[in-house]
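**Student:** Protein chains in written order, with our numbering: chain L, 1 to 381; chain V, 1 to 359.
Source of the hints: derived by calculation from the structure; they are not laboratory data.
On a predicted model such as this, the values are computed, not experimentally measured, just so you know.
Cross-link-like lysine to aspartate or glutamate pairs, in silico, DMTMM-like; alpha carbons within 25 Å at most: (1) Lys74(V) x Glu333(V); (2) Lys106(V) x Glu282(L); (3) Lys54(V) x Glu301(V); (4) Lys110(V) x Asp281(L); (5) Lys106(V) x Asp281(L).
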Amino acid sequence: MKANYVIIGAGISGCSIAYNLAIKGVKDIVVLEKAYLTSGSTGRCGAGIRQQWGTKMNCLLAKGSIEFFEKAKETLKYDGDIEFKQEGYLLVSTDEEEDHQFKKNVKLQNSLGIPARKINKKEAKQIVPHLNTDVITGAAFCPTDGHLNPFRMTDAYFKAAKRLGVKFYFNEEVTDIIIVNNKIEKVITANMEINSNNVVNAAGGYAKEIGDMAGVNIPVYAENHEILVTEPIEEVQRPMVMSFTKNIYCQQVPHGSFIMGRSNPEVEHNHSNESTWKFLDEMAKTVCEILPLVGNLRVIRQWGGSYTMSPDRQPIISDTNELEGFYLACGFSGHGFMFAPMTGLLLSEIILKEKSTIDISDLHLSRFKNKKDFIYEKSVV
Amino acid sequence: MINKDLVIIGGGPAGLCAAKMAAEAGQSCLLIDRNRTLGGQLIKQTHMFFGSEKQFAKTRGIDIANKLVEDVRKHPDLIEIWDDATVVGLYQDKVITVLKNELYIKVQSKAVIISTGASEKVLAFENNDLPGIYGAGAVQTLMNVYGVKPGSRIVMVGSGNIGLIVSYQLMQAGVRVLSIIEASPKIGGYKVHASKIRRLGIDIVTSCTIKKAIGTEAVEKIVTVKLDEKWNEVPGSEKEYEVDAVCIAVGLTPLTNLQSMIGSEMKYISELGGLVPVIYPNHETSIENIFSCGDASGIEEASSAIVEGYITGLLASKKLGNVHPRYDELMDEYNTQLNNLRNGPFGDKILNGLKKQGA
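Chain V with its partners taken away, still in its complex shape (with noise of 0.2 Å):
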């Protein structure tokens, strides 16, 4: 049995800096990710960041992770790193199970931050577990992280920023997009990214969904079909198109196991993206010292999952019994730009959530 007073689990955004700000308040802390790359969703996202500067507006994804990454390795002091070493388990007595090189290490806590991120939504069809049907994650790790096309024919299910981010990617990459549906009559995206869309010849079809997959090895047809507005399908609409790829981008759930497993009170916010962690005042759940943080805790940005993060890691070391030096001024500073986020296009949505998920 290993002792370590903090230990973070998931080294993305909202891990990573919930790290930076640990050390920096004096707190020792080990960081796990089961990746052996830290930083997240963000090594995958080669376009540029939309918000404001506090949170790397007009920088791409994979750079963020680079800056955060670097602050982490500041302090190989106070910050302990395991990557490539995933946990399987956070029982009562605060015990993480981790396995790392084959080996099942068992680590003593004082107080976790739970920073795992999320996972993507799936759809149910006939046959969407056919090879060539991936999740948009999974399209851009291929194509950002090793360079490798999914496919050259794809429809894309889904037209949210992510599903139109990813379809403009795709199409640079010389992936021929036939088509964007949704289910809702909106777009969900940002405008301007749909706009964009348009203008390379890209049809956004709304009131549409996947009705199912063809193939015997792989995908090679799928059928789609329109929706009513009782989102009930609309007979003889059927639409046949040959495809190599299918690309889902129906958005996120939080990835609460650990929340769950330990047994802290969990309620289904849907504006949050399905079953969350209820979060007090000072971003714990409902057992002490477990905090929880970033997408782990609600769907929202990667910019919101780095401002929670920085809070976070400043709460969770005071209550270790180090105070950040500029503890006061910055859970102003970031509180502030926190609330500023929320106040972007999805802030109503994201504050109705919040509301119901504190205690």
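So that you can see chain L by itself, here it is in the shape it has in the complex (with noise of 0.2 Å):
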């Protein structure tokens, strides 16, 4: 088999990279998944969308995404519903040098045209009743952040890169890409060979492997985010509560049962997408701390989903130096749900050496040479 364009991981990142590249004429593009559509980070996201960042760069990133997010049931032309609710973040702070950084973060976001606001704890107490205000300081708001369904967004990219001849082959896992004379030759799996020059690694927690068979090499590697999810109640919470320093993001989602997670700071560096003990312990301790209310409810179900953590916490969305034709959507460090749109728009003009949409040089995976110390993106659970 031949292609133009062989996309390694169906997840919306994929997906979307997908869609991107044949809206705009490319013909010939092939995406590969190991295993099913969303089966990787993308079906085991939080569904939360945000655009609360502390860099510019998030900030524009997600700025771009949302706006794409409320109008892609049109664009897409998706007959489901992709349960994008726009509710709000509400970040809380929980003392003195958060809420600093709070202030900045929102002036940071308000230059980019991103309509967040920083209140207090009454003004939070109206908007979230049944948050615990004795545990916080403060809190940033963003009214147009909010929930989207992984399942049904990613779905709709799929549908509509499928509807305009983009082939997906799903259980097939890529065990090899050859390069002959520094040049991309042939992708391989199980049950393929697809000849190609320009493969694109949207592999989400495998980015770094895709890359070893590439010989390019990637910083970045997967660590177990667990996540929860409740019996479903009526509607008693509006926006995504959210606290970096308690650890925790929690939402309801529209069909009323409530989302959420918190990372482990003692988390190993591998593959594993187990359920642990210790989470459920701990999340319940945490939510019934912020969110006291939660705390009367079952737990249905509980899960892990890998992040794949970047030395910054910031994308890599670029082609590389090393190879031609090897392209990169990876390294979203728990984010790569919410960015998806920008990403796909920004990867095809890469590709295709079209203007850039936004800079996005700092993007570049050679930021990363000869260099240790890195600028965090400090807002992440």
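Put the two chains together into one complex; each comes in its own frame, and the hints tell you how they fit.
**Tutor:** Here is the structure:
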């Protein structure tokens, strides 16, 4: 088989890249997925969409993506409901230092056109009445952040891409990439050999392994982040509530369940997606402190998914100096789902050598060369 | 966190027998069951068992349960019993989480025997969630455990042994069984049961299924439809029954949530009732020291669950360093019994399934 472009990974990033290339008229695009649509991090994520970030780059990626999501149903001609609910993100601060950081962040966000605002405890309580304001010092709120169904949104991209002629192959794990004279020649799976000079690495947690196959070192690693869902109840909480210091995000999704997660500071770097009783213990304690009402609900299920961490917690969206025709969309550090529209748009611009919608030279792989100290994105759970 | 070397989850025939063997081998264990009464499904079975004398043929299920529970209670020093306690999680580090008296308890185990049994299969049809539509197990529980009649006019869906026996019990309780319908062209259960039912005047209609239920507060009517040789509905063959209850007896599927949760290798094997764990030679799943037996490993009869329980109890204790004084003799004996049971009328199907299940 021959392909113009082989995209590895049918999570939302791979599907968005495929769609963006196809809508610009690129033919012969093949997407290879080792399991099924959304089987990796996309289908395991917390379904939140936010623009309240601490770095300019993340703010711009998020803002551009939200603008796409607002019209996604029409743009992608999707017959289903993507369950986009813009009820905001309420970020709560728990000390003066964080309060100060939020002020700085809001200023940056506002300068980029993101309608976030710094609010006090009383205002936060009005937005989420069951919030325990005794443990917070303040909050930031952005009303246009919200919820989006990862399965439906990916399905929308998938169907649109398919209509444009993109071929998807599931249960096809890439086992090797053949390079001849520093040029990509073939992509090998268990059942197929695809002749192609261009490969897009959108392999999520396995991006490093795909890089190794191509002989390109990508300094990312996967780590397990756990999450749980409760029984559904009538709507009592409109926005996502999040605290970086308390280590929690928690939202009520449209069908009534609460989804919540937190990170484990001792997590190992590997592909485990295991569920632990320790997470359940810690999550329960944390949510009962911040949102005591949620403590009355029964837990239905818990699961894990991989964050693919980059050294500066910002994505890698770039070509590679080491290998012609090898493109990267990885290292999203837990936020690939919400950035996917911009990921697809920007990478298609790089691939087709078009003018970039925003300057993303800071997201190039080469930024990690000979560099050890990075400015971290701090607004991460 | 409580520490226990061996935890047996599920106190039906398999779990009870595993506990007995463990105790005889000198192995202490914790037996957890979510019901108030140990014995699993046996406690609702008032009919006498078929099969070999060795697995209590001609004895009523409830009496078998009492006997097995008695065996376990003989070892209060070695077998700790938690009843009315539900296991809600089994994690990779072999920690078991349990809800007991509204308390959430964590148990660190070294080995686990999963003997959680099965759940009833359901049928998809319009309004299948109306009150009055029961699984056969629920009907047995209502009638035989609590003495409550599920209705007065009932249609039985499914003609396997459970469907036939429960129909008979319903008649005995004074419930009118209007008809037994069976989707396949042949009656599923033993001929002796079917003949007994027919002698009572109950019609067994083959190649027929339930199309929909009708009712507002509860089921009032059902519509059945005949099926052709390709299992397609035959137009115009619909028939209405006025009922106040429907009993669905279309088989069981293994309860394997815990095996799945801990990440043991699973396989879909229709002969064994659905998704089952792959079983290694000493009755372990793909995860060391996680054992699985009885219906939780594949649907068979209670008699097979009893023998599998004995075998798994012996194996698990040995693995933990406690060898039963008559280990070799008993293993031979139980393996022979199991082979004999599987040479019965449904044996081929089971053996076929087990062949696929082995690692």
